[in-house]
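Those sequence lines, one after another, are chains A and B.
Just add 8 to wherever you are in the first sequence, counting from 1, and you've got my numbering.
Just add 8 to wherever you are in the second sequence, counting from 1, and you've got my numbering.
One should not assume that every hint holds.
Copies of one chain are not kept apart here, so a pair can be met inside one copy or by any two copies together.
List of simulated lysine to aspartate or glutamate pairs, EDC-like, C-alpha gap at most 20 Å [to be verified]:
no.	residue 1	residue 2
1	K272	D262
2	K147	E130
3	K226	E171
4	K226	E164
5	K222	E57
6	K253	D211
7	K222	D211
8	K98	D75
9	K222	E164
10	K222	E149
11	K148	E225
12	K226	D151
13	K98	D127
14	K276	E178
Think of the hints as simulated: they come from the structure by calculation, not from any bench.
Note that this is a predicted model, so its numbers are computed, not measured.
Each chain, letter by letter, is given below.
There are 2 protein chains.
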Amino acid sequence: MVPEMLRELASHGLLHGQHPDAVMARVRVADSMSDAIAGVTYVQESGPEKRDVKAEIFSEIEKHADDHAVLASSTSIILPSLFTGHLARKSQCVVAHPLNPPHLIPAVEVVPAPWTSPDILERARAIQTEIGQSPIVMKKEIDGFLMNRLQGALLEECFRLLEGGYASAEDIDAGLKDGLAMRWSFIGPFETADLNAPGGIRDYIERYNGGYLKVYEKAQHRADWLGPALQEVERSRRTALPLEKIQDRQNWRDRQLMLLAAHKAATKS
Amino acid sequence: MVPEMLRELASHGLLHGQHPDAVMARVRVADSMSDAIAGVTYVQESGPEKRDVKAEIFSEIEKHADDHAVLASSTSIILPSLFTGHLARKSQCVVAHPLNPPHLIPAVEVVPAPWTSPDILERARAIQTEIGQSPIVMKKEIDGFLMNRLQGALLEECFRLLEGGYASAEDIDAGLKDGLAMRWSFIGPFETADLNAPGGIRDYIERYNGGYLKVYEKAQHRADWLGPALQEVERSRRTALPLEKIQDRQNWRDRQLMLLAAHKAATKS
Numbered sequence: 009m010v011p012e013m014l015r016e017l018a019s020h021g022l023l024h025g026q027h028p029d030a031v032m033a034r035v036r037v038a039d040s041m042s043d044a045i046a047g048v049t050y051v052q053e054s055g056p057e058k059r060d061v062k063a064e065i066f067s068e069i070e071k072h073a074d075d076h077a078v079l080a081s082s083t084s085i086i087l088p089s090l091f092t093g094h095l096a097r098k099s100q101c102v103v104a105h106p107l108n109p110p111h112l113i114p115a116v117e118v119v120p121a122p123w124t125s126p127d128i129l130e131r132a133r134a135i136q137t138e139i140g141q142s143p144i145v146m147k148k149e150i151d152g153f154l155m156n157r158l159q160g161a162l163l164e165e166c167f168r169l170l171e172g173g174y175a176s177a178e179d180i181d182a183g184l185k186d187g188l189a190m191r192w193s194f195i196g197p198f199e200t201a202d203l204n205a206p207g208g209i210r211d212y213i214e215r216y217n218g219g220y221l222k223v224y225e226k227a228q229h230r231a232d233w234l235g236p237a238l239q240e241v242e243r244s245r246r247t248a249l250p251l252e253k254i255q256d257r258q259n260w261r262d263r264q265l266m267l268l269a270a271h272k273a274a275t276k277s
Numbered sequence: 009m010v011p012e013m014l015r016e017l018a019s020h021g022l023l024h025g026q027h028p029d030a031v032m033a034r035v036r037v038a039d040s041m042s043d044a045i046a047g048v049t050y051v052q053e054s055g056p057e058k059r060d061v062k063a064e065i066f067s068e069i070e071k072h073a074d075d076h077a078v079l080a081s082s083t084s085i086i087l088p089s090l091f092t093g094h095l096a097r098k099s100q101c102v103v104a105h106p107l108n109p110p111h112l113i114p115a116v117e118v119v120p121a122p123w124t125s126p127d128i129l130e131r132a133r134a135i136q137t138e139i140g141q142s143p144i145v146m147k148k149e150i151d152g153f154l155m156n157r158l159q160g161a162l163l164e165e166c167f168r169l170l171e172g173g174y175a176s177a178e179d180i181d182a183g184l185k186d187g188l189a190m191r192w193s194f195i196g197p198f199e200t201a202d203l204n205a206p207g208g209i210r211d212y213i214e215r216y217n218g219g220y221l222k223v224y225e226k227a228q229h230r231a232d233w234l235g236p237a238l239q240e241v242e243r244s245r246r247t248a249l250p251l252e253k254i255q256d257r258q259n260w261r262d263r264q265l266m267l268l269a270a271h272k273a274a275t276k277s
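Same shape as in the complex, but just chain A (with noise of 0.2 Å):
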């Protein structure tokens, strides 16, 4: 599975160059913590999301880590001062999350524990850069990291639509992905801001921050996900669909997102 991801990759223009076997050499399956962990400069840990495994882990890296590692978890909901603040090594414990599927999408978010040390972070935020992902360097944790949250409140507000009956699931996310998501998709949305008034973003919100205002009053109730609105998005969902049909268009959404990365890569500023 991985010989083929890199030969794809390396079609794309996504290898930086490097030859798939070149790649695929410097991969190895160890038959132990010891020999995995022992002299490495960065380890990140992919286990179950479970507090109490994560735990047993890192307990478990840290005997044969040195003194310099970064150890880094891929965790995408697990607060790092959750499993690390019993080991000796808790400030060289982070959290790296991937987005899925993490050979297609630059963005890692890199967070840190109370405890973990200025450098681990710098470290890790170095160590991402030079593979090629675009690590997103949190001052502090919170639930959910930077994503989730951002994830969240975009989710919150399209079951909030739905519940209140003024547009169908398909028609939202179409409103995304023919509309809002293609700009962000290059400049994010505090630049869309910026360049959406001829002062820049100060004048943009001076202009428009009473008009979200009112959107914000609107908003004041926790949507129900798991109500009609799911129903709902389901039914859309199943008749766009069917649930056997799930990994093919996994594989297909894999394939867009590939041709999208070569797509920024070529036409990056």
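Mind docking chain B on chain A? Use the hints.
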């Protein structure tokens, strides 16, 4: 300016095979409202964003309009009920709000007033589809319509993260452009979630609703969009882009959007 845009669109295959001159030949500047409106099937009003001004323009429009013409306004912020209620032809009025720049972003939200006839709403949708736009048809009006509600929800969380000192403005933008918005730019947030769990959207929500609830619980205050967070994002943006270069960057954004539109057309499944 329009002929130049048409040539650029044609060179990227975005004029549906038409010659730019043939499109330009259909554009005519009218000397009067009656000249512009008599006998047409669709009117798109793009006057100043002021309720009273729109109300007056629509009073003038309806004097000359046919019985079956769609009378649409480009407003991004004024509810259609607020400037069409006094009209004899109020059932013919809708909002058709495009995103900026409209010739490069397909999404147009079509928003009825309570008295808009279903036939007019359907014809507005059909005409937008026919000209190659992607109409998002709302079932009823609400402040911010659909797209500014979603943009507002996202910006609100961006400001909260900045205000709380969790990440820099640059990193927040990077989390979208190098992360979340890559997926949303071709599948939208509901389909993204649908493809992120083996059992589809219901499975995804049942797995992660608890996590998102924690995210939501730490988002229960309005961020101050005009306070220190704005100073910070303004500092960040003005460091990245001096104000006198904003027009250059808008031109760059539009070229990137054109390339992205061409890319999306070429890779559409």
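Q: Could you tell me which of the numbered hints above are not met by this structure, giving the numbers in increasing order?
A: Every hint satisfied by this model.
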